[in-house]
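Sequences and hints are given; from them, build the entire structure.
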Amino acid sequence: MIGRRGWIGLGTVAALIALWFLLTTVTGIVSGARFPSPAEFWLSLRQIWGRGYAGGQLMSHALHSLKLVAMGFAVAIATGIPLGLWMGWNRKAEAAINPVFLVIRPIPPLAWIPLAILWLGLGDSAKIMVIWFSAFVPSVINTFAGVRNIDRPMIEAARMLGTPRWRMVREVIAPAASPLIFTGLRLSLQASWTTLVAAELVGALVGVGFVLNMAQQDLYPGMILVGMVTVGLLGWATTALLGMVERRALSWNMAARD
Amino acid sequence: MGSILFQNVDKVFGPASSGVKALDNINLEIAEKEFVAIVGPSGCGKTTCLRMVAGFEAPSAGVISVSGKRVTEPGPDRAVVFQQFALFPWKTVRENIELGLRNKNLPAGERNTLVESALKLMNLETHADAFPHQLSGGMQQRVAIARAYVLDPDVLLMDEPFGALDAQTRVVMQEELVRLARVNPRTVLFITHAVEEAVYLADRVAIMTRRPGRIKEILDVRSIRQAENWDRFQKIEDVMDLESFVHLRTHIWKSLREEKGSQSI
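In the order they appear, the protein sequences are chains A and B.
Numbered according to this note's numbering, the first sequence terminates at residue 259, and the numbering increases by one at each position without gaps.
Numbered according to this note's numbering, the second sequence terminates at residue 279, and the numbering increases by one at each position without gaps.
Don't take every hint at face value.
[Unchecked claim] For the chain A half of the interface with chain B, some residues (derived, Cβ under 7 Å), not all of them:
#1 Pro154
#2 Met155
#3 Met161
None of these hints come from the bench; they were simulated from the model.
Note that the structure is predicted; figures quoted are calculated from it, not measured.
Cβ atoms here follow ideal geometry from the backbone N, Cα and C, with glycine treated the same way.
In structure tokens, the structure reads:
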């Protein structure tokens, strides 16, 4: 199951954990007030796993965050991919929409948080909106680039075969652009997690970002690390899931990627 | 059904006043079931001629018509075989061939029959469920030819179809095309820069000048082929040894040489 590369990766992780143990516990070079030792991390983890912290157990915080990311990401790709396809296919649509993008794109997604909270309060909808904004842009841009990069003879072949408009989008344009569409989705997913945690740090009553925020106020390094590791694992797991979907969807493209 | 007619066709790329004139007053008539090859120096606009018949580009002046109908857009009555195959890599061989039939809204049973016969025609039966990337270049071009033939088009447009293949595969495909022309004759417009290929395959060979491209000369290969009975040979190398073949080839070579010689480079 685990290949050579996998063992090397596991080795690196094991070495880092050993180093962590060495610096905090064995030698005490890094004090527990700055960075928690493995034992403190373990205690914090047991606390939030069982009794709970910041109003809930780890699972409920994590699931809540996961739910918001899933919803924001879903809305972003459901709107971003069609818009990107449309812009790539229709020069007028691109001419109309691109200038708006040029202005909106440099605004960091996090800068939307104040506006979102002002409009929608501290609840879930504000966070979904901010995730949508941040994940939308990479979806649109990469889908657009994917359509523009399609080999012209492929489109011409489809036109020569008399392919009607809808079938052209579904069976030719979208699959031909899909390698770049998936690149966009990976960037979108990354942006979703970044934005979610930031939004929860600013204003939330539940979620992993909220755990981080409370732990900071409580001067609780062990719990901060638990929150960070949780975000890392959630991000890794969702990215891996997306990677599985990508490999399935692009199996025809495997030769091209070798 | 199946004739191609170029009438006073000009093509200018870019704005009409300052653009580059690619084609100058092309007049050519291709009869039904006739195989015409266009040869010419690179950049002479021979591919543009084909692309205008396909409907991918419009003439700047003049008219192109197929089966008496003016060409305005691409369509399955004019099937194209591209140099780079242009298959859909996410579709299997069968799905690639079937797409044009689905676009014609044929019922599934009829589609199957037609796809099976196209697979058989091009010796692709055992690869029906493979994806293009699993096939060699020659096999991929077979799929592209099957995809074109299955449409039962009025005319077949082939744009340097064997240009991306290695020399051996190329010869096999040329012989294959001659076989197809006997089994299932079509009107073919064939673009190539390979002189032997043109002489071997075509009924007539049109030689073009360098840019702006004009038709310089049209050679009637068929009458020579019939008079000299080339068809008694199966293999291209036997035909290529014949004095009549060599004579034609040398004539075209010299004609093309003149065009290259008059270039500044």
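Hints violated by the structure (numbers, ascending)
none
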